[in-house]
Amino acid sequence: SQQGEEDPQALSIQEGENATMNCSYKTSINNLQWYRQNSGRGLVHLILIRSNEREKHSGRLRVTLDTSKKSSSLLITASRAADTASYFCATAHSGGYQKVTFGIGTKLQVIP
Amino acid sequence: ETGVTQTPRHLVMGMTNKKSLKCEQHLGHNAMYWYKQSAKKPLELMFVYNFKEQTENNSVPSRFSPECPNSSHLFLHLHTLQPEDSALYLCASSQDRPIRGTEAFFGQGTRLTVV
Chain A
1302 SQQGEEDPQA LSIQEGENAT MNCSYKTSIN NLQWYRQNSG RGLVHLILIR SNEREKHSGR
1362 LRVTLDTSKK SSSLLITASR AADTASYFCA TAHSGGYQKV TFGIGTKLQV IP
Chain B
1437 ETGVTQTPRH LVMGMTNKKS LKCEQHLGHN AMYWYKQSAK KPLELMFVYN FKEQTENNSV
1497 PSRFSPECPN SSHLFLHLHT LQPEDSALYL CASSQDRPIR GTEAFFGQGT RLTVV
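Sequence order for the protein chains is A and B.
All residue numbers for the first sequence refer to the numbering used here, where the first residue is 1302 and numbers rise by one.
All residue numbers for the second sequence refer to the numbering used here, where the first residue is 1437 and numbers rise by one.
Taking lysine to aspartate or glutamate and the EDC-like style, the derived pairs with C-alpha atoms no more than 16 Å apart in a straight line are:
{"#": "1", "chain 1": "A", "residue 1": "1327", "chain 2": "A", "residue 2": "1367"}
{"#": "2", "chain 1": "B", "residue 1": "1476", "chain 2": "A", "residue 2": "1308"}
{"#": "3", "chain 1": "B", "residue 1": "1455", "chain 2": "B", "residue 2": "1503"}
{"#": "4", "chain 1": "B", "residue 1": "1477", "chain 2": "A", "residue 2": "1306"}
{"#": "5", "chain 1": "B", "residue 1": "1476", "chain 2": "A", "residue 2": "1306"}
Short derived list, chain B residues pointing at chain A, Cβ under 7 Å:
{"#": "6", "residue": "1478"}
{"#": "7", "residue": "1479"}
{"#": "8", "residue": "1526"}
{"#": "9", "residue": "1539"}
{"#": "10", "residue": "1542"}
{"#": "11", "residue": "1543"}
{"#": "12", "residue": "1544"}
{"#": "13", "residue": "1545"}
Just a few of them, taken from the derived set where beta-carbon distance is under 8 Å, the chain B residues facing chain A:
{"#": "14", "residue": "1438"}
{"#": "15", "residue": "1524"}
{"#": "16", "residue": "1547"}
Worth flagging that the hints you see were computed from the coordinates, not collected in a lab.
Quick caveat, the model's predicted, so the values are computed rather than measured.
C-beta atoms are modelled at their ideal positions from N, C-alpha and C, and glycine is treated no differently.
Generate the whole structure from the sequences, applying the supplied hints.
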């Protein structure tokens, strides 16, 4: 069954604005990862946050994790046209072996 | 360049054809994966190999047959596919199991069209 579910499914913003994407999941996780995918290409790993962490930063990216609400958010600050892509959250399930489950993704468009 | 290479990048095949997708990684990773990505659907995990052994088959139809001859190479053999099998097929690898918090490195994918 689908684990991570991103919200919104599509987001369009002006260059320079911040973009926030959310991910909700259903069962306990060991860690949560965010990936980026340019149109028709492979996914690129952005950031990983473990279940005992609440916030993590990487450059212009900020990820938060709220295990009580089973949700995570990805914030991209000062967006650029090159940030246009689809963003996916992926969850590694607690108690599982090695299955990572992806959501449908958020399609972000940054308008120059 | 992620270190994971998939060939071919595009493939068009008839429903009676037999073809194979190839994935190669030189990252020294122990786990390799096949995913299927269809429009407006979540990425679907198909197969997982860990140290060349298949550890997961996610209820994939038998017309898809994986092969992992060594820890650097992964194949997906295709035969008698259906038009609904048209999708982007992504290969990935990771050092260890995702449960341990290792990131996956993805190839660029093979865009498959079944006619």
